[in-house]
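One-letter residues, chain by chain:
4 protein chains.
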Amino acid sequence: MEKIKGLIDAPFTPMLANGDVNPAPIPAYAAMLAKNGLKGVFINGSSGEGYMLTPEERILLAEKWMEAAPAGFKVIVHVGSCCLRESVRLAKHAAQIGAWGIGAMAPPFPKIGRIEELAAYCETIAAAAPELPFYYYHIPAFNGAFLPMTELLKAVDGRIPNFAGIKYTFESLYEYNQCRLYKNGKYDMLHGQDETILPSLTQGTEGGIGGTTNYNGRELTGIIEAWQRGDLETAREKQNFAQAVINVICNYRGNIVGGKRIMKLIGFDLGPNRIPFRNMTDDEEAAMKRELEAIGFFERCNKF
Amino acid sequence: MEKIKGLIDAPFTPMLANGDVNPAPIPAYAAMLAKNGLKGVFINGSSGEGYMLTPEERILLAEKWMEAAPAGFKVIVHVGSCCLRESVRLAKHAAQIGAWGIGAMAPPFPKIGRIEELAAYCETIAAAAPELPFYYYHIPAFNGAFLPMTELLKAVDGRIPNFAGIKYTFESLYEYNQCRLYKNGKYDMLHGQDETILPSLTQGTEGGIGGTTNYNGRELTGIIEAWQRGDLETAREKQNFAQAVINVICNYRGNIVGGKRIMKLIGFDLGPNRIPFRNMTDDEEAAMKRELEAIGFFERCNKF
Amino acid sequence: MEKIKGLIDAPFTPMLANGDVNPAPIPAYAAMLAKNGLKGVFINGSSGEGYMLTPEERILLAEKWMEAAPAGFKVIVHVGSCCLRESVRLAKHAAQIGAWGIGAMAPPFPKIGRIEELAAYCETIAAAAPELPFYYYHIPAFNGAFLPMTELLKAVDGRIPNFAGIKYTFESLYEYNQCRLYKNGKYDMLHGQDETILPSLTQGTEGGIGGTTNYNGRELTGIIEAWQRGDLETAREKQNFAQAVINVICNYRGNIVGGKRIMKLIGFDLGPNRIPFRNMTDDEEAAMKRELEAIGFFERCNKF
Amino acid sequence: MEKIKGLIDAPFTPMLANGDVNPAPIPAYAAMLAKNGLKGVFINGSSGEGYMLTPEERILLAEKWMEAAPAGFKVIVHVGSCCLRESVRLAKHAAQIGAWGIGAMAPPFPKIGRIEELAAYCETIAAAAPELPFYYYHIPAFNGAFLPMTELLKAVDGRIPNFAGIKYTFESLYEYNQCRLYKNGKYDMLHGQDETILPSLTQGTEGGIGGTTNYNGRELTGIIEAWQRGDLETAREKQNFAQAVINVICNYRGNIVGGKRIMKLIGFDLGPNRIPFRNMTDDEEAAMKRELEAIGFFERCNKF
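Residue numbers (the numbering used here), protein chains in the order written: chain A, 1 to 304; chain B, 305 to 608; chain C, 609 to 912; chain D, 913 to 1216.
No wet-lab data here; the hints were simulated from the structure.
Fair warning: this is a prediction, and the values are worked out from it, not measured in the lab.
Quick reminder that beta carbons are idealized off the backbone N, C-alpha and C, glycines included.
Among these hints, one or two may not hold up.
[What the hints assert, rightly or not] Derived EDC-like pairs (lysine to aspartate or glutamate); straight-line CA-CA distance at most 20 angstroms: (1) C:Lys700 to D:Asp932; (2) C:Lys762 to B:Glu595; (3) A:Lys92 to B:Asp324; (4) D:Lys1098 to A:Glu237; (5) D:Lys1176 to D:Glu1137; (6) D:Lys1095 to A:Glu291; (7) A:Lys3 to A:Glu206; (8) B:Lys458 to B:Glu427.
[Stated by the list, open to error] To spell it out: a stretch of chain D is covered by chain A in this simulated footprint if at least three of its residues, at any positions, have a beta carbon under 8 angstroms from a beta carbon of chain A; those stretches are: (9) 1081-1093; (10) 1114-1121; (11) 1146-1159.
[What the hints assert, rightly or not] Looking from chain A toward chain B, a few residues come up when the C-beta cut is under 7 angstroms (computed): (12) Met52; (13) Thr54; (14) Cys83; (15) Arg85; (16) Glu86; (17) Pro108; (18) Ile112; (19) Glu117; (20) Thr124; (21) Pro276; (22) Met280.
Kindly produce the complete structure, drawing on both the sequences and the hints.
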């Protein structure tokens, strides 16, 4: 199977002030991401508040992203949910509209306790879109599925033909690398934490999915470019800058809340978050803006 | 607001062998529960695999339970989900069909971290069915919402007019009692662990919601009856028996899996569980049956 | 083996202002506890900051409590530590000085992960004082040893002859009762949470070890007395009062910090806590005093 | 303050078959470590079962390591314990015998909950050896002290003059790097996970403390050497090999148990572990040997 090279973006879901999904900005959003070096999008995931959308909204968003995607721009649709039948429906739809691939995280409820449970879950979804690559999205801090990923690979190998790899959003570069080394790189291991792209590159990483790429994609893709041309100093500087940006959003409830608001600050308002997220106040927004100015963010951020 | 006296049952969702929801057994199910002393049902909750059902399935089940409920038999509809808009839709539907009340647990994703997030979540749902009592369903072991319930009561008091109380499925009888004592019993605190009904009665508990009441309701309601007539010995024996039954289901992946299979053993097959639950094998079923026979379960269980 | 009836107190360790252990108050302390209905002491445990004492200090304290104990007043010496050889030394010393029994919690480091590890740990300590009853002190919230206690009983039964029972400081009254029922009450299960004595009595509890008994022992022993004479209303009122007292100490870093300072407020200053505990400020002490006055504590507390 | 370059080893504590500490092998041990590229030792830490030793044993070991250390070979004495007074005693002793530095992890009991508690703990120990650099040993998976290390640096900066840095044994390379960047590298951040040395080097890491360096030190120091001369392929191969070795010990209860037994397999028997560790059986040892042979370990391991 084709492996992803470069960075895929996990977009936010544009919403109106009343919280309705607003597909209008998607074409400009897709164009901006492509312009700033991103290779595609992983939609309706955690950054996109996918679990908080109705199935109909998720379907609408998938269609709009497909329409808006420039040539060669990959659209991967996250179809994970607590209800496997809903996930199957979303996976079939993704295949129908010609998405590049699908992905699913473990359901947060019931909490997954065994590899066999997770494998059965992935198997059912993957089988609903057998022509598309399926990525498991490993983000245990969000859903409690603290299971060993090397064991998942063993469980799905030979059982799920279109299992493509893992979006790995966890701190263990050791486990990540062991997954990479499984059968000499059989599976596509996508790095999933923007704060450690450079360390991960030493292990041979070639692709990843980012959340802060929405507004800081030039610098993050620049880490990989600098590394590939042997310019460690530039790569390190850009990675340190990326961490400085992440330091700021950590002060404002993380990427889903703080990061979505940064989009407004760079001139592309994507609206509020859904409850139970607490939207940022105007004072918080002003304070965050000052923190970002202090690190020179607005000179280096994504451009339209 | 009226407080619930006695025990409400959290029913399993009947399914066909292919996993489709099967409403056919519901009338007999409701009649059986009423006959064995239960005062109502809390449907589409954790025992009912509510999170694993589509919204349409949840709506169908609510309607069928309403049709089947005998006079005075309370139907409380669990409407919690990761998607607040879906929960609102389900709450409105519950009100339309005349349900007695609604309930919602905290969403497992995103994980609730603050009382304010939880209060906003409850507020939005409760406001969608303002004529119905709203119960918060506290089950942190399942969804990670380990928040202090006394703080939740303070947060909703004066803010959510139809906040009725809490289905409290957690081990702290101390916190449970502090909630009971809040403003001299302003809120209806429903005990939610069948293994400790008797200890809870000492604190003044009058109502609860059970999961093992599906098949062991006579004994569990018998605990309360014995206590109320001052017969501690009988109450204790029945509580010990109830624990013995729970010991068995703990050997078979708990009530959702093991308990649902007990229904088949008492002559009322409700079908399989949904993935990611692992259904019991025939060997497991036979072993469980032997364990239940050893404690004399089939003489004391619910009767049709 | 003899089972403990009534409540044992877990005393604080008296210290001078400079943090040195101060044995001087121990005779008066022992007399006060006996006068207020306590049946003995469990020394050098968590309330006594046992892990934060040197072995020499623990030995000194054991000797002083033995000297001060009135006739029939049980002295149980907690000898748990991270260093098993130190625990063995303390156990032998306890036997030499004629202590009534010994106890040990699981070592917090290395974190116990298996019943076999815990059984070997208990076995080695118990064998160092073979004539004394040995109590395992289950307090997983403090040391991370979240292991099933019914499995521990099975593992030690027939292997540790002087294993007497468990001081059970955890919320699960279900597991506690299952331990009680093991082989028809073979082991002495001591209730270990002052906030739920009354609920526990319904299961047949006859003894316990308290931490708030240091200052609220009259009310806590009163719960048992009222229950035994069939006066549920009084028992409930006293249990609710005990919870109200615990509500206060929870505002001041719990019993080890807040409770130790209450001793000063009732006229028996036991000095500071050791680092890393943060001692209460004067302002905090004054605020705590007001909270205690508001619930009428000083009329009902232990008397000298 | 001087920063550590290269790798320091965390040695196992040699024991006799009866579990007594056995200082006899220490001179040969020190010479072997120096010969294989290690720059010093961090003794009586987690690999050394420090918490499971009596204070007298810890003192004896410190003296023996000081006597055995070759010129320029750093001896850092871990003095952390649950009892601060014991830690102070050990710190003073380390200073008296001329140790290069001291270190302490957070006490596992009582569990540290606040930075202020941890800062007071470190301050007291560091003040007992004011001429020596003090390293905080961050290993939250072992002691539950999951606190932000950037906050610790802020808390100790200007308060603990001899606070040298942190032995960072946790997965977050992001937090590790943020600590490195604090005040342009004011503190010495020692990498503490042998499985991710190479990724960490991209951030500027120059020193670390290893546990598998006891038997795999040539390869681990080789990672740094290869990186420094720009040979990424060799560095990556050696890091992958180091992970393969770690994969093996993870099958045998980790480095403290499995790694200590590897010492026997390379001809340097250091005896058993202390309870509650479960020593490896002969069968386990044989199986582990086969796994190590399969990866060619015995050709690449440390040599005497």
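> Which hints from the list above does the structure break, by number from lowest to highest?
Replying inline: 5, 22
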